[in-house]
Amino acid sequence: MTLVLLLFQTPTPSPAALPEKLPAWLTLIYVSGIALIVLLLLISLLRMWLRRSPSAPTAPANLPTDIRKRLGATSTNRGLRAWRWLFALAALSMFGFHVYWARYAGERNAKFQELSYKDLRNRRLSESTLRGWIYDRKGRPLAFYKKESDGNIQREYPMDAALAHIFGSDRGEPGLERALFGAESGAVPEVWQIIHGQTVQQKLNKDYTLTIDQDLQQTVVEQLKGNHGAVVMFNPQTGEVLAMYSNPSYSLKDTQDEATWIKLDNDKKERPLLNRALREYYVPGSTFKTVMMYTAFRNGMQGTHFNTSGGFSPQGCGRTITDDNGGCEACGDIGIDSAYQHSSNIYFSYLGTQLGGEKIRDTAKLLGLGAYDSVSGEGQGRREPEIWNASSGAVKNAIAPTESWLKAGKHSTRCELMYEGYGQGYASQMTPFQMALIISAAANLEGKLMKPKIESDRAAEMFSQVLTRDQAAEIRRIMNLVTEGGTANSAMAPVKAAGIRSGGKTGTAQKAVPIIDPKTGEPMKRVVIEKDPKGKIIGQHTEIVMADKLRSDAWYLSFAPLEKPVLAMAVLLEGPGPGISFYGGKNAAPIAAQLILRAKSLGYFGGPANQPAQQPGQTKGKRR
Amino acid sequence: MRNRLSSHLFVLLALVGVEIVGYMAIRRSSLIRGYETSLIGAIRDLMIYLPLIVMALWLSIGRKFKGNWTLYTTAIVLFSIGLLAQYRLYSDPEYNAKSKAVARQEKTDTLRMRYINETYDATKRQMMGLPAMPPPKEQEAPVKESSYTVGNALTSSYTWIPILSLLGFALAFSFCANDRFLSWTQRNSFIIVLLTLVPLAVAIVYSSAGKALGNTTPWEPAKIPFLLGFAGLLTARYKDLARTYWGIPRARDIIPLVVMAIIPFIPFFALKDFGQMLIFSGAYATLYLVAVRRWPQLLLFVGSVMLVISILVIGALPRDIQEKVPLLPTLARPVQHALPSRIQQRFHLWLDGFDPPSPEEAWWKKDYDEALSKDPRMKELADQSEAMKKSVNTDIWFDKLAFQPAQAIFGIASGKTTGRGLGLGFPEVIPIADSDYVYAALAEELGLAGGLMVILAVIIFVIAGIRTSIEARDMFTKLCAAGLTAFIGVQALVNIGGILRALPMTGITLPFVSHGGFSLITSFAMLGMLMAFSHRNAKDAKAMARVKREPESDLDLEAVQ
Numbered sequence: 020m021t022l023v024l025l026l027f028q029t030p031t032p033s034p035a036a037l038p039e040k041l042p043a044w045l046t047l048i049y050v051s052g053i054a055l056i057v058l059l060l061l062i063s064l065l066r067m068w069l070r071r072s073p074s075a076p077t078a079p080a081n082l083p084t085d086i087r088k089r090l091g092a093t094s095t096n097r098g099l100r101a102w103r104w105l106f107a108l109a110a111l112s113m114f115g116f117h118v119y120w121a122r123y124a125g126e127r128n129a130k131f132q133e134l135s136y137k138d139l140r141n142r143r144l145s146e147s148t149l150r151g152w153i154y155d156r157k158g159r160p161l162a163f164y165k166k167e168s169d170g171n172i173q174r175e176y177p178m179d180a181a182l183a184h185i186f187g188s189d190r191g192e193p194g195l196e197r198a199l200f201g202a203e204s205g206a207v208p209e210v211w212q213i214i215h216g217q218t219v220q221q222k223l224n225k226d227y228t229l230t231i232d233q234d235l236q237q238t239v240v241e242q243l244k245g246n247h248g249a250v251v252m253f254n255p256q257t258g259e260v261l262a263m264y265s266n267p268s269y270s271l272k273d274t275q276d277e278a279t280w281i282k283l284d285n286d287k288k289e290r291p292l293l294n295r296a297l298r299e300y301y302v303p304g305s306t307f308k309t310v311m312m313y314t315a316f317r318n319g320m321q322g323t324h325f326n327t328s329g330g331f332s333p334q335g336c337g338r339t340i341t342d343d344n345g346g347c348e349a350c351g352d353i354g355i356d357s358a359y360q361h362s363s364n365i366y367f368s369y370l371g372t373q374l375g376g377e378k379i380r381d382t383a384k385l386l387g388l389g390a391y392d393s394v395s396g397e398g399q400g401r402r403e404p405e406i407w408n409a410s411s412g413a414v415k416n417a418i419a420p421t422e423s424w425l426k427a428g429k430h431s432t433r434c435e436l437m438y439e440g441y442g443q444g445y446a447s448q449m450t451p452f453q454m455a456l457i458i459s460a461a462a463n464l465e466g467k468l469m470k471p472k473i474e475s476d477r478a479a480e481m482f483s484q485v486l487t488r489d490q491a492a493e494i495r496r497i498m499n500l501v502t503e504g505g506t507a508n509s510a511m512a513p514v515k516a517a518g519i520r521s522g523g524k525t526g527t528a529q530k531a532v533p534i535i536d537p538k539t540g541e542p543m544k545r546v547v548i549e550k551d552p553k554g555k556i557i558g559q560h561t562e563i564v565m566a567d568k569l570r571s572d573a574w575y576l577s578f579a580p581l582e583k584p585v586l587a588m589a590v591l592l593e594g595p596g597p598g599i600s601f602y603g604g605k606n607a608a609p610i611a612a613q614l615i616l617r618a619k620s621l622g623y624f625g626g627p628a629n630q631p632a633q634q635p636g637q638t639k640g641k642r643r
Numbered sequence: 004m005r006n007r008l009s010s011h012l013f014v015l016l017a018l019v020g021v022e023i024v025g026y027m028a029i030r031r032s033s034l035i036r037g038y039e040t041s042l043i044g045a046i047r048d049l050m051i052y053l054p055l056i057v058m059a060l061w062l063s064i065g066r067k068f069k070g071n072w073t074l075y076t077t078a079i080v081l082f083s084i085g086l087l088a089q090y091r092l093y094s095d096p097e098y099n100a101k102s103k104a105v106a107r108q109e110k111t112d113t114l115r116m117r118y119i120n121e122t123y124d125a126t127k128r129q130m131m132g133l134p135a136m137p138p139p140k141e142q143e144a145p146v147k148e149s150s151y152t153v154g155n156a157l158t159s160s161y162t163w164i165p166i167l168s169l170l171g172f173a174l175a176f177s178f179c180a181n182d183r184f185l186s187w188t189q190r191n192s193f194i195i196v197l198l199t200l201v202p203l204a205v206a207i208v209y210s211s212a213g214k215a216l217g218n219t220t221p222w223e224p225a226k227i228p229f230l231l232g233f234a235g236l237l238t239a240r241y242k243d244l245a246r247t248y249w250g251i252p253r254a255r256d257i258i259p260l261v262v263m264a265i266i267p268f269i270p271f272f273a274l275k276d277f278g279q280m281l282i283f284s285g286a287y288a289t290l291y292l293v294a295v296r297r298w299p300q301l302l303l304f305v306g307s308v309m310l311v312i313s314i315l316v317i318g319a320l321p322r323d324i325q326e327k328v329p330l331l332p333t334l335a336r337p338v339q340h341a342l343p344s345r346i347q348q349r350f351h352l353w354l355d356g357f358d359p360p361s362p363e364e365a366w367w368k369k370d371y372d373e374a375l376s377k378d379p380r381m382k383e384l385a386d387q388s389e390a391m392k393k394s395v396n397t398d399i400w401f402d403k404l405a406f407q408p409a410q411a412i413f414g415i416a417s418g419k420t421t422g423r424g425l426g427l428g429f430p431e432v433i434p435i436a437d438s439d440y441v442y443a444a445l446a447e448e449l450g451l452a453g454g455l456m457v458i459l460a461v462i463i464f465v466i467a468g469i470r471t472s473i474e475a476r477d478m479f480t481k482l483c484a485a486g487l488t489a490f491i492g493v494q495a496l497v498n499i500g501g502i503l504r505a506l507p508m509t510g511i512t513l514p515f516v517s518h519g520g521f522s523l524i525t526s527f528a529m530l531g532m533l534m535a536f537s538h539r540n541a542k543d544a545k546a547m548a549r550v551k552r553e554p555e556s557d558l559d560l561e562a563v564q
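Residue numbers (the numbering used here), protein chains in the order written: chain A, 20 to 643; chain B, 4 to 564.
Keep in mind that a hint or two might mislead.
[Claimed, not checked] Listed next, the in silico BS3-like pairs over lysine-lysine satisfying Cα-Cα at most 25 Å (straight line):
hint, chain 1, residue 1, chain 2, residue 2
1, B, Lys393, A, Lys137
2, A, Lys130, B, Lys393
3, A, Lys137, B, Lys275
4, B, Lys127, A, Lys130
5, A, Lys287, B, Lys392
6, A, Lys288, B, Lys382
7, A, Lys244, A, Lys530
8, B, Lys382, A, Lys605
9, B, Lys127, A, Lys282
10, A, Lys282, B, Lys382
11, B, Lys382, A, Lys165
12, B, Lys127, A, Lys137
[As the list claims (entries may be wrong)] If you only want the chain B side, here are some residues facing chain A, beta carbon under 10 Å, derived:
hint, residue
13, Thr77
14, Val80
15, Ala135
16, Met136
17, Leu354
18, Gly414
19, Thr421
20, Leu427
21, Glu447
22, Ile473
[To be verified] Listed next, the stretches of chain B that the computed footprint assigns to chain A, with coverage defined by at least 3 CB atoms under 8 Å from CB atoms of chain A:
hint, region
23, 176-185
24, 453-467
25, 518-524
None of these hints come from the bench; they were simulated from the model.
Beta carbons are placed, not taken as given, at the ideal position from N, Cα and C, and that holds for glycine.
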């Protein structure tokens, strides 16, 4: 039955069934008829003009012609004639204005185009044409129409808040709904086009099948309940987005009401309208060591060894890098696999300085990261629609991620690289989407990073070739070590018990956050008075007050199964508040474990699908 | 095509045929949208052609009309286009509905159900909660029936006003074809003008915002006596006025004329009918210049007109544009204070229609505050930030003052070249689309082609009217005919120009096309007068021809120099 649903396409109405054709023809006949009559009247005028009335006041015929001409018509009549031609000219120039509005304003007048959303015709058009339906990868409807008991036909979103960020609402930034089905009055045909059988553009009504899996998305929603965070899950072989969710979300039904939308927009504490998966920056922490590992492999430096006892203190930086426990997690002379397994800040900090800014920059660009020479400049924080493999620019723009970036290049100093090595410093602007892409590169059998896609009928496209086949396999083996005796050892226990071998990377990162004033819901601000060295007041400005304690966010990157990964994901949990810590292995990894188990029950890892139903039976408790 | 009754009757019948095609188109389109247009209304409209044809027959057979038939037929062409537009708009349940939202919803639902029945398969329909198979054609939900009964048709103003207009036409023709009436008018022009002021004074007391008696301007027929008065005075004085000293005529001659010219302006200013003032200025200026044909005066006149216009425009410009030119604000401020707020509004809409004015502008502030006080939620939004205030301001601007002209422009733009098709566009969203903004409704559904037809018809009418004036043998008739033509032509241009943003919008209607209120009666009365003059010209021409053949006859004709 799902196959039938997938195969069925909305048919184009045949020209014979187009009832607008008859009125269009009749209109044309009417206008032609009037034109004919006007022509006849013109001819009648012409006849009168040519056949000058012999009784019009004329001078006697025996005068010379030029004098006759001057005396022929009285001056009053001359004035009248001049006025007549002036009038005809004025009337035709009025018509020129009409021509402008009808043919040119739509394209050339920018203000006109900007304000066309005020045109009631656009509203009529979008209300009277039904949008296409959106299905998930298994053919279950995610956005469709339902006839209510009061007779109204409403757009239904069975998963409402779960897909709110992806679908978007009528206000604010467009999501997929407006990108796929945006209706404009200019698309409606005029009489000439109706006669030729054209109707409103068919693309408005086409059905779409997304790559999202409704069951996985639902599981993600349950796992993230109660916390701010995001999960992005890909199929690393094809780039398909299996699930993408940001918590807190909002109900699409709420946004119909202007006042509610304003309230949602102004909620600066929860920020439900923000799509954290695509558009919020987090400090990646240890997960960024993945990028360092890729760079090392790509440049043949994966054999680097470092003695981590005593930490890492490069010259001139005034800082000794230690692991999270204050000393070393993996001590002694270790290689990259052990360092990755135990998440050694010391090793990777050293590795970062050894690799150098240029090598890191080259690898970062292959992964879709922005690598810049300075930390303040244009282009940073811009949207990155071109990473998507999508059917139109509008779709790409609607779900474009904010570009994750770091400072890397010729001018990277050793102290900067020292921090970037373990995901701090100038490598602190990463979106969960980007981190999921990063792990997809190794999860891909060929070492390719596939362009993400959300429409299931697109052919898979490669973004870049990051690693060779063997490198990817080796990296996957190292990532597997994280779950076997590494930092995600205990969290992955249920996955291992189910016979699935997976790989991943934990991350815990700290971020300075503003204090939210409980009364206004806005970040607290304070006025800072600027004084010059002598103590004289030279100015003042307001700045946001940051909390004393840092917020600790938890990451877990994961892919499964080891031999041929079918899913690669990034899980991010924002810490609940300054002073309370979330850890990658303790808080984020168990969520990934549950998702892998759910995928198994849905049949992703081969074997029978034992629970294809919408509601998952097991409820997972919070694992801290 | 000859200037004979038979040819023009043939054209009239062809027009009826074409109208029937148009009505059929509207009927079919409305069925697509789920409502039925009134058959009774259509029959009533088409039956109006009967008295029109009867009138033509009366003119020809009863009065032995020898003049220019083109005037009549062109006016009827414009009238027919207006009839069609009115039928289209008034059959639309949304246009005259008390609750527009409900009507709109019904229309939308019908279109959606039609789409669903045509394209959705059984699975989709089931998921929607509809029965799996679409109902067969016969059982489809019945379209909303028209509630227009014969009783409605008989008592409706749209039946009686055309009939009254034709009566006015016949009356005007009869009076103006009579030489004694014309010479009496010419002699007593001043008294006539004064007498006209009396009902106007009453109108001033009872009107508000330029309209009275519903949404009409019942003082429109007053234009005719004013014109007759002015023409009469000018006829008596034009030779004296031609005697100028350094381009300016003697005070003795010019002052009575100026007084006569100013008189109509006062009541129209008090009635806030600025459009009529504009037309009067245009017509009077034309008459004066045509009669007194002295080059220095022409230049002086044109110069002073330009000065007045530029002062008005400068005074009415929005403040931010004013600031760009040095010294301009100081010049403009006194003008701006003197200008009534309505004019400032109109100028802003004309020059800067797509930009809302700042909420601080005096003439906008009142409306803005009023709108905010009605909707506390918007007020809350506006108070939040500057950016919010701006978007709230834009919203209110487009929903209140700029609504009508903005929707009209959108409609014209969507009409493109061949229009959307009769009944297939959305002219019903434009308020008062059937009288003031009828050109926008036509442009939307008939496109550039339709607009061109209207403009051509107006040009033809003006050419025919001017011809009547040219062929007139005495000055009074000449000036009257020219004045009447100028009224109709300038009114049409000002109306169309206002809609197209070539000129500021005024509250006047398109002559003959707009069926609203007294506009039609006045237009037909003017038509009657013009045809009477044309008839006189033809009679004089015949007499002249006889004179030429019989040079001894002592017919005394007052020839023009």
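> Where does the structure disagree with the numbered hints, that is, which hint numbers, in rising order?
Replying inline: 3, 4, 8, 9, 11, 12, 15, 16, 17, 23, 25
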